[in-house]
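Colleague: Sequence:
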Amino acid sequence: MIFCFYDKGTLGVVRDGRVAPVPTDVVPAAATPQQRLVALIEGYEAAKPGLETAAAHAASHGTPLPQVALEAPVPAPTQLLCAVKNYTDDRQAVEADFFLKSVLSIVPTGSTVSLPPAAARVFHHEPELAAVIGVGGTDIPAADAMPHVFGYTGFLDLSARDLGTTYYMKKSPRGFGPMGPVLVTADEFADPHDLTVELSVNGKLRQRYSTGQMANRIDRLIEVASSVSGLVPGDVIATGTYHIGMGPIQDGDHVSMTIQGIGELTVDVVDPSGREWDVSGLKVVTDSAPAGAAK
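Numbering-wise (the numbering used here), the sequence shown opens with residue 1 and increments by one.
I should point out that these hints are in silico values taken from the structure, not numbers from a laboratory.
What you were told as hints is all true, and nothing was included just to trick you.
The calculated label-pair distances, taken between Cβ atoms and stated as ranges, are: (1) S273 with T53: 48 to 54 Å; (2) S102 with W277: 22 to 28 Å; (3) H193 with L100: 21 to 27 Å; (4) E52 with T166: 41 to 47 Å; (5) N202 with A76: 27 to 33 Å; (6) V228 with P49: 35 to 41 Å; (7) P141 with H57: 38 to 44 Å; (8) T24 with V270: 37 to 43 Å; (9) R174 with V228: 22 to 28 Å; (10) V228 with G43: 25 to 31 Å.
Dumping the calculated BS3-like pairs for lysine-lysine here, alpha-carbon to alpha-carbon at most 30 Å: (11) K85 with K283; (12) K85 with K204; (13) K8 with K48; (14) K283 with K204.
For every residue, glycine included, the Cβ atom is placed at its ideal position computed from N, Cα and C.
Construct all of the structure, not just a fragment, from the sequences and the given hints.
Modeller: Have a look at this one:
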């Protein structure tokens with residue numbers, strides 16, 4: 001199934017490009033959208049019949065998705081864990097490791113991201129598949145890890161290079177965590193390690209890769225993350241990016257990323273400081289390149 005938040009915190013179910021609210025007798029109301037999402041996750045199996053009914057209503061009578069204001073599908077996870085150098089590309093892949101990105105950086109698709117005035121060397125785009133935890137735990141073995149995933153969404157890990165000395169300074173400015181457009185349950189994917197991720201800036205393709213190129217697959221990421229402080233329902237693990245094609249974002253850019261089976265996440269970039277970076281020599285993928293290839 002496909003879920004989203006829209007129009008000021010309404011939990012919706014999506015089918016055939018249309019959305020309808022999830023009734024409160026199917027998933028109870030909660031004080032915050034994140035709490036309602038956790039209620040959906042924890043009660044999902046029991047709620048399935050009612051959710052199927054709501055999804056059928058969405059398909060026949062729902063509002064077309066482009067007509068609603070989508071919000072982040074995981075608005076306030078307890079942990080937003082981002083994998084470090086997790087692809088076999090021009091950078092050396094490493095053993096599974098993470099940094100914590102501020103959950104206050106999360107914004108939905110369609111947002112305008114303002115680059116901070118701080119003196120970063122450059123600001124980069126990093127499109128990523130993100131796994132949303134359904135069943136928490138500690139010390140979860142990789143062999144048992146995949147049933148702990150509730151679903152997947154898109155994540156754009158925006159980065160301020162050489163800003164400060166910590167990942168917090170580089171990764172957590174306001175708006176630097178675009179997420180969405182929707183949350184798709186894990187059973188919709190035959191293999192999350194066989195998805196195509198693409199990113200374009202102003203209509204020009206820069207990155208296209210396969211999630212099959214992860215150095216540490218999702219089960220290993222869960223194993224390592226759960227061995228530290230543990231995981232809880234609604235946590236997000238962003239699985240990293242393929243670095244070839246990664247390039248600057250700057251004032252006036254329209255950034256679009258898509259993940260097969262999840263859809264398009266877009267942001268517009270403004271820079272009150274009016275800085276510019278040369279992209280003429282950027283190494284990008286070509287339209288003829290197969291998934292995961294780059295030139």
